[in-house]
Every structure is written in structure tokens, then in C-alpha cells.
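Please model the entire structure based on the sequences and the hints provided.
Chains as they are written, first to last, in my numbering: chain A, 4 to 345; chain B, 4 to 345.
One or more of the hints may lead you astray.
For chains that are exact copies, the list does not tell them apart, and a pair is met inside one copy or across any two.
As the list claims (entries may be wrong) - Here are the simulated lysine-lysine pairs, DSSO-like style, with alpha carbons at most 27 Å apart:
#1 Lys140 <-> Lys8
#2 Lys38 <-> Lys28
#3 Lys140 <-> Lys68
#4 Lys28 <-> Lys139
Hints were generated in silico from the structure; no laboratory data involved.
2 protein chains.
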Amino acid sequence: MSGQKIRNMEEFAAKSGVSRPTVSKYFNDPTSVRKSTRERIEEALERYNFRPNLYAVNQNRRLTKNIGIVVPYVADPFFAEIARTIERRCIDAGFSPSTFSSHGSVEHEIEILETLRSMRPAGVLLAPLGRASDRKKVEAFCDDVPTVLVDSNIEGLGAAFIGLDNFQSVPLMVEYLCRTGEPPCFFEMPPVNPNANKRRSAYIQSMERLGHTPHVIRVEGQGWDFEDIGYSGGLRVLDNGELSSRTVLCSNDRLAIGFMAAAYERGIRVGITDECTLRIAGHDDHPFSRFTCPSLTTISQDYDAISTGSVETLMNFIEDGVPSGPRSDTLFDGHLVMRSSA
Amino acid sequence: MSGQKIRNMEEFAAKSGVSRPTVSKYFNDPTSVRKSTRERIEEALERYNFRPNLYAVNQNRRLTKNIGIVVPYVADPFFAEIARTIERRCIDAGFSPSTFSSHGSVEHEIEILETLRSMRPAGVLLAPLGRASDRKKVEAFCDDVPTVLVDSNIEGLGAAFIGLDNFQSVPLMVEYLCRTGEPPCFFEMPPVNPNANKRRSAYIQSMERLGHTPHVIRVEGQGWDFEDIGYSGGLRVLDNGELSSRTVLCSNDRLAIGFMAAAYERGIRVGITDECTLRIAGHDDHPFSRFTCPSLTTISQDYDAISTGSVETLMNFIEDGVPSGPRSDTLFDGHLVMRSSA
DNA sequence: TAGTAAATTTTCCGCGCGTAAAATTAATAT
DNA sequence: ATATTAATTTTACGCGCGGAAAATTTACTA
Chain A
4 MSGQKIRNME EFAAKSGVSR PTVSKYFNDP TSVRKSTRER IEEALERYNF
54 RPNLYAVNQN RRLTKNIGIV VPYVADPFFA EIARTIERRC IDAGFSPSTF
104 SSHGSVEHEI EILETLRSMR PAGVLLAPLG RASDRKKVEA FCDDVPTVLV
154 DSNIEGLGAA FIGLDNFQSV PLMVEYLCRT GEPPCFFEMP PVNPNANKRR
204 SAYIQSMERL GHTPHVIRVE GQGWDFEDIG YSGGLRVLDN GELSSRTVLC
254 SNDRLAIGFM AAAYERGIRV GITDECTLRI AGHDDHPFSR FTCPSLTTIS
304 QDYDAISTGS VETLMNFIED GVPSGPRSDT LFDGHLVMRS SA
Chain B
4 MSGQKIRNME EFAAKSGVSR PTVSKYFNDP TSVRKSTRER IEEALERYNF
54 RPNLYAVNQN RRLTKNIGIV VPYVADPFFA EIARTIERRC IDAGFSPSTF
104 SSHGSVEHEI EILETLRSMR PAGVLLAPLG RASDRKKVEA FCDDVPTVLV
154 DSNIEGLGAA FIGLDNFQSV PLMVEYLCRT GEPPCFFEMP PVNPNANKRR
204 SAYIQSMERL GHTPHVIRVE GQGWDFEDIG YSGGLRVLDN GELSSRTVLC
254 SNDRLAIGFM AAAYERGIRV GITDECTLRI AGHDDHPFSR FTCPSLTTIS
304 QDYDAISTGS VETLMNFIED GVPSGPRSDT LFDGHLVMRS SA
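Right under this line is the structure:
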């Protein structure tokens with residue numbers, strides 16, 4: 004590219020021999036200009052790598068091309084993966100995603116929503132903290148910006164919800180565990196979002212349906228250090244002999260990873276082979292679950308389906324507006340991933 | 004707050020009974036206006052929650068208050084943590100951080116830098132991909148924007164580099180391993196960044212210094228699925244009997260986690276107790292290393308020191324400009340974290 | 001070749017705010 | 001009370017672009 008710097012679209016238009024409004028049109032949609040002019044612009048584009056000023060563009064557009072993506076905790080690889088795939092879809096759809104992590108704190112979540120509002124995004128994909136979220140503020144936000152909730156539901160909020168059908172996935176696991184050994188007890192922490200509650204309910208339901216007595220073990224713990232909660236809670240449970248079954252279904256994989264660490268520390272062999280005395284299963288197919296010792300039997304969520312589904316849903320709302328009717332919920336099925344821990 | 008919507012600063016100024024330029028001044032620095040006017044503005048601020056239009060502000064400011072944060076792979080909890088702490092520091096310093104992940108791909112990294120350039124940030128904290136990075140493009144970027152490199156160095160680029168002193172940390176581990184058992188071999192994958200090379204060199208140096216013969220085992224593998232590379236590579240190494248020592252020092256924790264999974268699958272007991280036949284150590288103190296089975300002995304990086312140091316360095320460059328002299332490098336010490344795997 | 005539709009250019013306005021300079025007002029000192 | 005200084009207001013301009021309307025050119029059809 005040539006050395007000369009281009010200051011604005013005016014200058015660039017001059018260099019390419021096209022009028023500024025046409026250049027503007029090109030950047031909004033390259034196919035909206037004649038082929039010959041498109042080529043002239045693109046030729047100039049290679050000589051001087053010019054980009055329209057981001058702020059000027061967004062100030063003047065009726066609606067920006069920005070998409071906000073909010074996850075509760077990006078240090079959780081599950082959400083990192085969700086965010087990544089959603090980002091991809093947004094870019095493919097011609098939008099500019101900005102990803103934010105609430106870092107597990109309500110204050111952060113609120114602050115992010117305020118920042119997002121000032122970005123006037125075309126839409127937002129929000130995986131909320133869940134129970135900790137400030138319902139009022141989220142609601143006010145959803146009134147202003149087309150928002151699709153992902154993963155964790157907040158009843159009645161947003162234009163749509165995309166997530167996993169816990170009442171399909173958990174029974175799948177419960178039935179598998181009952182079929183292959185002792186019926187499981189359910190290991191959980193204080194629920195951070197509705198999924199946790201749904202999973203417990205689904206566990207209880209399917210146990211009863213199978214004629215077994217459900218048994219829920221809840222351990223203390225706050226925040227998003229799930230492994231740590233699973234670990235220290237697991238130690239206590241094991242030491243106090245609170246385990247009512249030699250099969251444990253954990254509310255999620257991270258909790259299971261912590262529980263496995265506790266079992267290891269107490270010299271308890273985990274797995275499905277003969278010398279093992281404990282089976283542990285999780286839920287979510289966390290990216291690291293393949294590499295635990297033993298590898299974790301779990302329920303996989305279809306990242307791709309969730310991200311594609313949520314982005315497509317949002318795009319519809321952006322194009323056609325948010326319908327005033329009842330909120331549309333989409334629940335995907337989970338799949339059983341049999342590994343060696345249960 | 005009152006129901007009425009404020010459209011712009013003009014309207015808000017009218018409501019608060021202050022002139023618009025004064026309101027503008029207030030938002031740039033609340034202490035720059037008289038106390039009485041500050042109170043009037045803040046009072047109005049509570050009634051109508053107004054925020055200056057983000058795009059208009061940034062279009063007109065000579066220099067934005069934006070800070071770009073780029074990490075190579077946010078699904079790696081190590082980088083998620085680095086990004087999180089750096090974000091925090093930037094906010095505390097009155098800046099608006101935007102975090103991006105290259106997702107392990109050069110194309111992404113380049114695209115992010117182009118996006119960042121169009122954001123005209125006050126500065127950028129860049130944890131580059133490393134070897135895969137497009138040196139030319141990064142260099143061009145650094146010429147335009149004050150950039151501090153973090154974690155992974157690219158020789159001579161950027162205004163400063165903040166990272167870990169691998170030549171301090173690795174010998175620490177090697178000496179520990181030699182002191183407590185069989186001298187380690189070094190398990191690595193094709194290096195993705197200079198740290199990997201430095202660690203290998205540091206391993207070889209310190210082994211020789213201690214009078215032992217270094218032995219490096221490199222396994223194949225591309226991309227950022229380190230656990231998977233460590234796992235499949237580990238299986239091959241174990242099956243082929245390529246292991247020259249019963250102590251393995253892995254180039255990083257994620258590789259070690261994969262290797263441990265392979266050892267587990269082959270029925271090899273890992274740890275420092277009597278019944279174990281293999282010791283495995285890592286590097287980085289990955290957030291999950293506490294919860295592996297057995298828990299991973301590793302080197303911890305001081306996240307806080309790195310993030311604080313890098314942000315402070317950047318702030319200096321933003322205020323005083325980038326000095327033309329030699330680049331300043333800051334290397335922090337790592338600390339030995341003894342757990343039960345080695 | 002005239003006729004028509006599509007693409008492009010011209011012209012112009014506005015977005016919401018930063019910022020500079022000059023005029024005014026308020027606070028402080030003498 | 002007057003001078004001095006600081007804070008504020010007024011006035012005015014510009015940032016870089018989107019977008020609408022009208023004028024013009026171009027491409028295509030019959």
C-alpha cells in the first residue's frame with residue numbers, strides 16, 4: 004500500500020475517483036454499487052488501507068451493527084466456548100460483536116448493561132448470572148434493546164430464550180446410571196441459576212418415576228469457584244459419611260471435577276471398573292471433562308446448535324422487530340457422553 | 004428517576020441549569036468544575052440518568068479513553084484470568100477496556116488489530132499468539148498505538164514487555180525435582196510462543212548445571228488444544244517406552260493435564276507417594292491445576308503483579324509518550340507450588 | 001435510436017459532542 | 001470597595017460520516 008495516509012472518506016473517495024456517498028454506500032453493502040465502481044473502490048482500498056471512522060459511522064447510523072454478548076463468567080471454559088461460537092456467527096452475519104464477562108458479580112452485570120446501552124447495539128445475547136441478576140435492571144434493558152437470553156433463563160424476560168432442556172437431559176443420565184449400577188444421589192451447591200433448580204427437580208422426578216428414592220446432597224459455597232466448592236464440600240461429605248449412594252450425579256461438570264479431586268484425596272477410586280468404589284457423573288461436557296482422571300461421564304450440550312439458534316433468533320428480531328406476543332423459548336436436547344467415571 | 008428521556012447533552016444541560024460545555028467538562032473530569040455546579044449536575048444526573056453519546060465523545064476527543072486488551076485464547080483460563088485482572092486495573096484508572104481473543108488464529112489476531120486501530124485506543128495490552136503472529140502487521144500496529152506486550156514476547160516489538168522470567172522459574176522446578184527424585188525429562192509440543200523455547204533452554208541449562216543429561220521429548224500437535232496434544236502425545240510416548248525418566252516436567256500445565264490423563268488411561272499411577280511410578284510437573288499454575296488427580300505441582304505466575312505492572316507501564320506511555328530509547332522489559336519471578344503430582 | 005430503469009453524483013443537512021476564544025460572572029485578595 | 005484571579009457561559013466551529021432529495025449519468029431494452 005502507498006505511503007500516503009488517508010484522513011477520511013472524502014479523501015479516499017477522491018483517490019478512488021468515486022463520490023463520497025457512493026463510497027459510503029459501498030461500505031454499508033458492497034453489492035449495492037455497480038461492479039465497475041466496486042472494483043475501483045477495492046483497488047484503491049488495497050493501495051491505501053482506509054477504514055471508515057468507527058465512531059462517526061455509529062453516531063450517524065440509525066441502528067448500529069453492534070451485537071453485545073454477555074456471559075456470566077468467561078474464565079469458565081464452557082462460557083468461553085459459547086461466547087466464541089456466538090462471536091463467529093455474528094461476524095458471519097455482518098455484525099460487530101463485543102463480548103463482556105460479568106465475572107460472576109451483579110455489579111459488573113449491571114455496569115455492562117449500562118455500557119451496552121450506550122453502545123446502542125442492534126441486539127444483545129445475554130447469558131445472565133441468573134438468580135443473582137437484578138431483575139428490574141435487566142427488564143428495563145430488555146425493553147430498550149432486543150435481547151435474547153441464553154443458557155440461563157430469567158422467567159418472562161427478553162424476547163426469547165435459548166437453552167438446554169434439563170428435563171430431557173437429566174433423566175437421560177439418571178436412567179443410564181440406574182441401568183448400569185446403583186441409583187445416584189444428587190450433588191449440588193446453592194443454585195446460581197435456574198438450571199441448577201431444574202436439574203434437581205428433573206433428578207427427583209426421574210428417580211421417582213423409576214421407583215427409587217431421590218437423595219439430594221447440598222453443600223455450602225458462594226461464587227463461581229465451582230471446583231473449589233465441589234472439592235471442599237466433597238471432602239466434608241465423604242468424611243461425614245453423608246453419601247447415600249455409591250453413584251453421584253453432580254449438578255455440573257465443574258462441581259464434579261472438584262468432587263473427584265476430593266475423592267482422590269481420600270483415596271477413593273472413582274470409575275466403572277471393578278476396583279472402583281464410586282461413580283461420578285457430571286453435566287455440560289465441559290471442555291476439560293475429557294481429561295479428568297478418570298474421564299468424566301456427562302451430558303453434552305450442543306454448543307453449535309445453541310449459538311446458531313440464539314444468533315438466528317436475534318437476527319430475526321433485529322430485522323422484523325420484537326413481536327409483542329408470548330416469548331419464544333427454544334430448548335435443545337442434551338446427549339449422553341459415556342466415559343470412564345460412571 | 005424521572006420518566007422524561009434526555010436526548011442529548013444540550014437537553015441535559017438545560018435540565019440541570021448549567022451550560023453544555025460545562026457539562027462536557029464535568030464528564031471529562033468532575034473535579035474540574037466548581038463544587039456548587041458539580042452538585043447541580045449530579046442532582047440532575049439522578050433524576051434523568053443521562054450518559055454522553057459514546058460515539059460522539061470518541062469521535063471528537065483527541066485521544067479516546069479506550070484500552071484494547073488482546074489475549075491469544077480466552078478459553079484458556081490462564082488468559083481469562085489475566086484479561087480479567089487487567090480489565091479491572093484499566094477501569095480503576097478511568098479507562099474503558101475492550102477485551103478480544105484471537106482464538107488461536109493469526110487471521111483473528113490481525114483482524115482484531117485492525118478493529119482496534121479503528122477504535123483509536125489510548126493504548127493496547129497485547130498478549131500475542133507468539134510465533135504464529137504476523138510480525139510485520141504487529142509492528143505496524145505498534146508504530147501507531149502505544150502497545151505493551153504481555154506474557155509472550157516478540158523480540159523488539161512494542162514499547163515494553165511484561166512477563167515471567169522462565170530462566171528463573173524453570174530452574175526452580177528442575178532443582179526441586181532433582182533434589183527429591185529422579186531428574187526430569189522435558190515434555191513439550193511444537194512451541195507456539197517464545198516462552199516454550201525459553202523453557203526448554205532453561206531446562207537444558209539447569210540440568211547441565213546440575214550434572215545431569217537433559218532429555219527433551221517433543222510430541223506432534225497444532226493449535227491451542229494443549230490438553231489433547233498432551234494426551235495423545237502422552238499415549239504414544241508411554242506406549243513406545245520413550246520415557247527416559249520417571250519424572251516428567253511439562254512445558255505448561257495444560258500439557259501436563261493431558262499427559263496425566265494419558266498416564267491414567269494406561270494405568271500408571273502418578274504422584275509422589277510410594278505406590279506411584281511417575282512424577283509429573285507443570286508450569287503456570289493453571290486455575291484447574293489444584294483439582295487434577297493428583298493435584299499438579301507447578302510454577303505459579305503472579306497474575307496480580309503482571310497485570311498491575313503491565314497496566315502501569317502502559318499508563319506511563321499514554322501520559323508521557325513512548326520513549327524512543329530501548330524497550331523496557333520487566334520479568335517477574337515464578338514461585339514453586341508443591342502439590343502431590345511431583 | 002429513443003426510451004426507461006437503475007446507478008451514481010451532487011448538494012445539503014444533521015448527528016452529539018469536544019474544544020477554543022472571547023465575554024461574562026463569581027470568588028478571593030488587597 | 002476595587003483589583004485580581006478563577007470559573008463559567010457564550011459563541012462558534014469542526015469532527016467524519018449517514019441519509020434524503022434532486023440532478024445526472026449509465027446501462028439496458030425494445
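Quick rundown of the hints versus the structure:
Proximity of Lys140 to Lys8 under the C-alpha cut-off of 27 Å is restricted to the inter-copy arrangement: shortest distance 16 Å between copies versus 45 Å within a copy. In the homo-oligomer, the alpha carbons of Lys38 and Lys28 lie at most 27 Å apart inside one protomer (13 Å), although the nearest pairing across protomers, at 48 Å, exceeds that limit. Proximity of Lys140 to Lys68 under the C-alpha cut-off of 27 Å is found in both arrangements, the shortest distances being 23 Å within a copy and 26 Å between copies. For the homomeric pair Lys28 and Lys139, neither the shortest alpha-carbon distance inside one copy (40 Å) nor that between copies (31 Å) is at most 27 Å.
Violated hint for the displayed structure: number 4, the only one.
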